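The listed protein sequences correspond, in order, to chains A and B.
First residue of the first sequence? That's 223 in my numbering, and the numbers climb one at a time after it.
First residue of the second sequence? That's 277 in my numbering, and the numbers climb one at a time after it.
The reader is advised that the hints may include incorrect statements.
Unchecked claim - Result set (DSS-like, lysine-lysine): computed pairs, CA atoms no more than 30 Å apart in a straight line: (1) Lys616(A) with Lys332(B); (2) Lys314(B) with Lys332(B); (3) Lys616(A) with Lys533(A); (4) Lys304(B) with Lys402(B); (5) Lys304(B) with Lys533(A); (6) Lys402(B) with Lys332(B); (7) Lys295(B) with Lys314(B); (8) Lys533(A) with Lys295(B); (9) Lys295(B) with Lys616(A); (10) Lys327(A) with Lys358(A).
Unchecked claim - Covered stretches of chain B (in silico footprint by chain A; criterion: 3 or more residues with CB under 8 Å from a CB of chain A, positions within the stretch not fixed): (11) 346 to 357; (12) 363 to 376.
To be verified - Every beta carbon over 10 Å from chain A, so not counted as near; a handful from chain B, in silico: (13) Leu282; (14) Phe286; (15) Arg297; (16) Asp305; (17) Glu335; (18) Ser399; (19) Val404; (20) Ser407.
Worth flagging that the hints you see were computed from the coordinates, not collected in a lab.
Predicted model only: the values in this text are computed from it and were never measured.
We treat Cβ as the ideally placed atom computed from N, Cα and C, and that holds for glycine.
Next come the chains, spelled out residue by residue.
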Amino acid sequence: MSIRNDFPILSRSSRGRPLVYLDNGATTQKPESVITAIDSYYRQHNANVHRAAHELAEEATALLEDCRNKAQGFVNAAHREEMIFTRGTTEGINLVAQVISERVKPGQDIVISQLEHHSNIVPWQLLAQRTGANIKAIDIHENGDLDLAHATDLITGNTALVAITHISNGLGSINPVAKVIEQAKQGGALTLVDGAQAVLHTSIDVQALDCDFYVFSGHKMFAPTGIGVLYGRLDLLNELPPWQGGGEMIDHVSIESSTYQQAPFRFEAGTPNIAGCAGLGAAFDYITELPMQTLIEQEAELVRRALSGLKQIPGLRLIGEPDDRASVISFLLDGSHPNDVGTLLDQQGIAVRSGHHCNMPLMTRLGIPGTVRASFSLYNNEDDVDALINGVAKAATFL
Amino acid sequence: MTLDELVETFEFFDDWEDKYRFIIDLGKDLPALPDADKTDAHLIRGCQSQVWLTYKITEGKLAFNMDSDAHIVRGLIAVVLVAIQDRSAAEIQQLDIEGIFGQLDLLAHLSVTRGNGLRAMVSRIKEVARSQPA
């Protein structure tokens, strides 16, 4: 089955050719229903949420709080109050890094992995600088899989936090996060999973994972930019201090001091991204109505087709051949820079990403300047795959 | 090759393929910078690929050596060098380098980010020219 027709942008051209959009790891395109939801929010319901005593405010509040319910269902959280709206994955991670500061002691370890995006590295470096903690990274095997034996070595009773990506944005490796979380729990560490690349490519169940925090962005799952979700375990959230002060997050304020709301409002100072929630809510609805299992299998088949076609191109080297791969293919053409290949694909209307993908430590670990990355979504089809294979084969003749 | 010859050559090309093949070939012919010169101090910030620049002055003329780890960027460097090589600092300050790329219809074929890298190259060249004693 094809959902392409739901996405208006996919019928445009690029560089005079039909658009082949394979940069879904960066952001996904938006279906008509999401675009309409944002439009109709501003045309018909726009008001500030939670406080005003009028019909519009009630409607806007309902849109926002319905989106929270849908987010709860999407990750199978136990309580709706565990869903905190953020600007996206990056803000969610920064929020956690701020509010757990007092729990991290000098000399303790923050364990991440070699596969992390900069947004799951730099906030922890800032936390380590504030607290005197150390950053340690779980290494990978040559094929891009996480080295679980190394994880066992690094995660100890001295570990304050383990923060790990669910799916690598650079190589597509699906990490055995449940196993890592289990190890972290044994030593009493907090756990955070970066789900930015996991939404749409695997089902997410925070109760089964048993993580303390799970973060993701709306824009990588058909919703607009600037809205994302942080899941946090409720009893933990209510023990943690706020990170930003302002309206919405307080219980009572005097000139001298304030008391704060419980989660989620404690962590949502200021007017939230209501239009973003209207779009995100519509994206949850859209995804819920899709036969996700069929589409994920279809996407996996496209990735296999692309891999076998690309492997035929002389001089093409796959970067990372993880045992368990989702939606991402990274590669290089011998003797050329990834940006050369990216530019030559762009000229053929094929949108991929070239460079380090905000994975500089991973690229350094692999000894390469970056990769060309084709990343798929549920609306891609065989024509896209064939255009990619032919486009790369053509680029190879230039270089 | 002179700038006029370059402009003439580009006028022959009617599709992106010929243009890119030509640029990449120019890049392949560009003399490489010695590895010892590929240092952080010579790196131009703001380019997506790595670009290094060194120069020397002989009889009042600036001679630039530039290199990159990407073929297309090396080709663009070759084009820039045609425009700026062996000129005085004052002449280079007067040059509209981005205008030359416009004339070659090259900017239209470069992504915004790569365009920014080109701007970074141009501004470094201008900075070198400005820093020379008059």
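Hint by hint, which ones does this structure get wrong, listed from lowest number up?
-> Hints 1, 12, 15 are the ones this structure does not satisfy, whereas the remaining hints hold.
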